[in-house]
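Kindly produce the complete structure, drawing on both the sequences and the hints.
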Amino acid sequence: MHEARRPNPLFRNLSAKIAAIPMILTALVVFAGGTIWTIIYSFTNSRLLPRENFVGLDQYERLWSSSKWIISIQNLLIYGVCLLVFSLVVGFLLAALLDQKIRFENTFRTIFLYPFALSFIVTGLVWQWILNPQFGVEGIVRSLGWTSFSFDPLYNADIVIYGILIAALWQSTGLIMCLMLAGLRGIDEDIWKAARVDGIPMWKTYAFIVIPMMRPVFITTLVIIASGIVKVYDLVVAQTGGGPGIASEVPAKYVYDAMFLSQNLGQGFAASTMMLLTVLIVLIPWAYLEFGGKKRG
Amino acid sequence: MRYRLLTAAFAATAALNIAGPLQAAELEVTHWWTSGGEAAAVAEFAKAFDASGHKWIDGAIAGSGGTARPIMISRITGGDPMGATQFNHGRQAEELVEAGLMRDLTDIAEEGKWREVVHPSSLLDSCTLDGKIYCVPVNIHSQQWLWLSNAAFEKAGVPVPTNWEEYAAAAPALEEAGIIPLAVGQQPWQTTLAFQVLLTAIAGPDAYTKIFGEKDADLAAGEELAKVFEAAAQARSMSAKSNVQDWNQATNMVITGQAAGQIMGDWAQGEFQVAGQVAGEDYTCLPGLGVNEVIMTGGDAFYFPVLDDEEKSAAQADLAKLMLSPEVQVAFNLKKGSLPVRGDVDLEAANDCMKKGLEILAQGNIIQSPDQLMSADSLTQINDLFVEFFNNTSITAEDAQKRFVDLVANAD
Amino acid sequence: MADVTIPVSAPPVHADEALVGPSGPRPRKVISRRNIILYGTLFVVAVYYLLPLYVMIVTSLKGMPEIRLGNIFSPPVEITFQPWVKAWAEACTGLNCEGLSRGFWNSVRITVPSVVLSIAIASVNGYALANWRFKGADVFFTILIFGAFIPYQVMLYPIVIMLREIGLYGGLYGLIIVHCIFGMPILTLLFRNYFTSLPEELFKAARVDGAGFWGIYFKIMLPMSLPIFVVAVILQVTGIWNDFLFGVVYTRPDYYPMTVQLNNIVNSVQGVKEYNVNMAATLLTGLVPLIVYFISGKLFVRGIAAGAVKG
Amino acid sequence: MMDTSNTPSVAVRGVSLNFGAVEVLKSLDLEVGRGEFLVLLGPSGCGKSTLLNCIAGLLDVSAGQIFINDRNVTWDEPKDRGIGMVFQSYALYPQMTVEGNLSFGLKNARLPKDEIERRIARAAEILQIEPLLKRKPSALSGGQRQRVAIGRALVRDVDVFLFDEPLSNLDAKLRSELRVEIKRLHQKLENTMIYVTHDQIEAMTLADRIAVMRGGIIQQLDTPQAIYSRPVNRFVAGFIGSPGMNFIEGECVADGASAVFEANGVKVPLDRYEFAGGARTGKAVFGVRPEHVILGDGAGAMPFQSDLTIEIVEPMGSDSLVWGKFGGQNLSFRIDAERAVAKGDVVRIGFDPGRASIFDAGTGERI
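Listed in order, the protein sequences are those of chains L, P, H and B. Take 1 as the starting number for the first sequence in my numbering and just add one per residue. Take 298 as the starting number for the second sequence in my numbering and just add one per residue. Take 710 as the starting number for the third sequence in my numbering and just add one per residue. Take 1021 as the starting number for the fourth sequence in my numbering and just add one per residue.
Hints listed in this document are in silico derivations from the structure and should not be mistaken for laboratory results. A portion of the hints provided could be inaccurate.
[To be verified] Below 27 angstroms or equal to it, Euclidean Cα-Cα: the simulated BS3-like pairs (lysine-lysine) are:
1. B:LYS1156 <-> B:LYS1127
2. P:LYS524 <-> P:LYS699
3. B:LYS1154 <-> L:LYS193
4. L:LYS17 <-> H:LYS844
5. B:LYS1133 <-> L:LYS193
What follows is the structure, given as structure tokens:
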């Protein structure tokens, strides 16, 4: 009777491995493989079809010398920072208001969150009309008599990004409010009682006690919004199409235009690699903080 | 007269019917002619193609060439090609041809003696690569046109100008009358079009060919060009209030008299026809801005991706022949407002603007379109420069010229 | 024991004598300053949120003349559903004038299989990761999660090539696969967290009884994971229905989902811009995710929060 | 502190509180003397925490009034009531250092800087938490956190300390250590303290007086010793003392001037028992504490003796708990560990009926 060999580790829970093949394929081939492929080809001068003649950093030089890219980066910074700050502040305020055990809490929450269910295309179009000079808000106010009133961000190159910001805020603040509300409801009731007994006014309790306690919720929400910001595309296409001129260009649109419009894949790959970089700059410290922390702590 | 044409058309189709057992095949044809006039013109192709027994499947894609081309290209490179597709004359499909994705039409060309028929021959050269012909030019669109609304000038009490200087001079009067002097759409290609029409008119056609063709950067930086940029800045201020998106919306402003004029190719004429306006009475057309009368041989050509389906390939051949047949050329170009590519066809029914075009074409002072001279990549960069210039008044003519020179220096 | 003066336990004074001074609950003014600020702000923000929806509905029920003359906030004088009919069946993109209906059925044909397939795969992934830890599983999972953050643009073209190689580029199946790929990270995370939260003994007991990988999955895990399935369905239906980028890149005109069709209709203009038809079309496109949102209510929040917060 | 001799430090008059239809407190009256340590004792859900929260002002009463230092504070905010509160979960501000926790309330009350430092130093010295001042709560042990929580009330120089089951999160050893510290603190500060717990050992050891509560009503308010020896009803008797009091159901029968308690053949003469309203007859429950039952030679001196066969012996280290039958029902009593007894031994036990308690079988009230 031969002594039972230790089963080859490969075949241990074989069916689990087979079942996980789609995941493995997606992770390795699509995510890892796709990303590496793009990075490699960002060093070639592929035009309509990918080809392997490498040109070093030419694509990146051209990228950073193109005013369209510079404008899209500026837009991304303004849009990103403002969206982060405003949605966190407004989201938290709304959550704090809703946390006051008021009546109609559910109705208000439903109202604030319904835009999140809509697609960016719908949001972009709606806000395009509302901000339209003849037809939208400006037209109305003028018809009410205040003829010199002007509020047409989508047609003014310097402030068009803020027009897009209004639509983005309308869409995403609802989610932030929910995340904040979940965070607030997670705080131990006794902390509130202790603060009341100590005579600390409501706003101070929020500012100095509750918000510091909600740091992890803030950070996670920050990362979610940030990764969404870098990908902004549909909203700009629907609302301004990058106009007026190239004033509301965003990186994601630069990539699509480069790849498909100017038929210059290399430039598109270079731009998307840059986008990847911006996401990693936000992500790695968070991942380290979130997971690295646990291993060390 | 008209009767004679109809019988000829009927005879031709009859002949086709007899020739060999004809399998009726469905052929999907993609294009970006979605405005009123354009749709009417493409319907002519469809009618003729259906008459020949096949079935025209329309693949119209909205949003002008900028939106449509990427979709067409990704379908062809993605291995799911359509039956036939529109491109502009020039190098847009260059790489597709090099990659062998486009069907070689040389045999059909020889049979139809396209070399002699197509005039000017430069159109066919844009379709040729290493001696083989890969596309069928179907029309000539010249961008060098200025369309003026007679009504708008009457309202402003100013005579209809005959050239750019008079038009620019009339701008203040127009503004007082509450009319937008120049209508320009927001899409990038429209602002570049306005610029190079000004360039050809003010600096002359050979300056245009040197800069766009030979990428002559010194000329681009020269005094001659500075004047052109001045005119462009003037055009910018004249078109400040026109915030419409598509070109046909801008044309619509001219038709309705909200705007005095528009620099646009002769495809705008289709819109005037659909709106029932008559050249000379309701609107005036000035080729080359009335300064340098020249015709640009821009326009559209149809490419035929390689298909492995026998029937469809046969249908492709029929469509290719049909598109260049005299009758279809006449019917199509009349509706489209463009000039036919066949030298041997005369268009009596054409209105006087088309006739002006035909005369200039006959005299032979023609220039190639930017698409024929420059790669899509460089052209898009120039488009971005001018759309930014037209929308951001803080960019002076000098800055724009400097950046234009860089672009020309390393364009390909 | 500290010397403490213990009060003589006097007979308790009962409520019948009138209690002098404040007693009972503190009188709270209903119209207090706090309430005004609180409800006032919430009301103003609610108006800001509801305004666009109101404008869309109102305008979509008006005829074009009424729109050109009146202002967008005034309710329709004579209500007409013609814009809705036109948006659904007659609006044109280029030559084919079939309105949004084709886009709607395309979206259904894209969303349903994508949701089913992506949830099936993700739930199996989650189950495998949670209970059958095999070597390297975590490496793939981490790559997957990083994948959720990588901007789509980075993988846009490589996927075009992959689909082309397997001959699915341009069709519905291609887009369905793309949605499965990009839906997988968040869903796998959702299922993994849910399955790890289930009591471990359950799984061990089943193993002892000799149930295999699939036996446990179907007989034990699946029946218990209805709540997370509902959450996953909500997440995927809204996500896939609202997608635009993949719809534009990976399909061709006659397979366009509703969002792409909407963008084409609204942006391709024949002469004058028909705002009422455009608004009706926009509402139609937003209808399905809104219905899913209103039906699922709280679950929606938990799903998105769970998907997002954990993501 | 002005000496107002016996004006109560905290007085609760006719207070009742109901959440919707549920009546949690039923018109309750209570007076706590100055410097007194009063414990609110009772099973969970008896309303003890709710009462504490009402006194603290965290809950609005439905009726009645609350006085602190003879001032009607019914409508006052917690901070204006001169009270400090220590919670079961400590409720320290997690992101602030210990010093931050102590000074945050004072800074808010805009006390001058040196005054704040002085108070913190004093509290730190009393609670021996000087080394901890710079640390964050997450770096402290359960006991240290509890001391900081107490310190938070201490620095505010409050008149009344309120404790809401402060020790129930700690392990047994730490609990007894902190119990002693709280007692020492009370003796040192001489503040009034109201302490809520469900642990009757804490109640017995800490309290000047205990209020045993059930169903929102104070069952008995008295010194620990009084409650231990003369429980007013069967509930209080059963709740205080562990192991619990033995209950033998039977009947009181008149016997000349006094009475006799009979249960399945056992007769206990009640001549030494002080009846509340004179001897009574009828169904009754005879309660005797295990520690009052003496075994062996000592039993002889007891006024009542009887034989008992041992059924179960539960050794508990310092002593053992022995179970047998008396009057047909279970009776337990303590013996010191050395005495070797085994199942089946017949032993003589004795106790003084005068120290027992008898309750009316129906109402459970002491008779």
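Results of checking the hints against the structure:
1. B:LYS1156 <-> B:LYS1127: 19 angstroms, holds
2. P:LYS524 <-> P:LYS699: 14 angstroms, holds
3. B:LYS1154 <-> L:LYS193: 24 angstroms, holds
4. L:LYS17 <-> H:LYS844: Distance ~10 angstroms between L:LYS17 and H:LYS844 Cα, so the pair holds.
5. B:LYS1133 <-> L:LYS193: Since the Cα atoms of B:LYS1133 and L:LYS193 sit roughly 26 angstroms apart, the hinted pair holds (cutoff 27 angstroms).
Of the numbered hints listed earlier, not one is contradicted by the structure.
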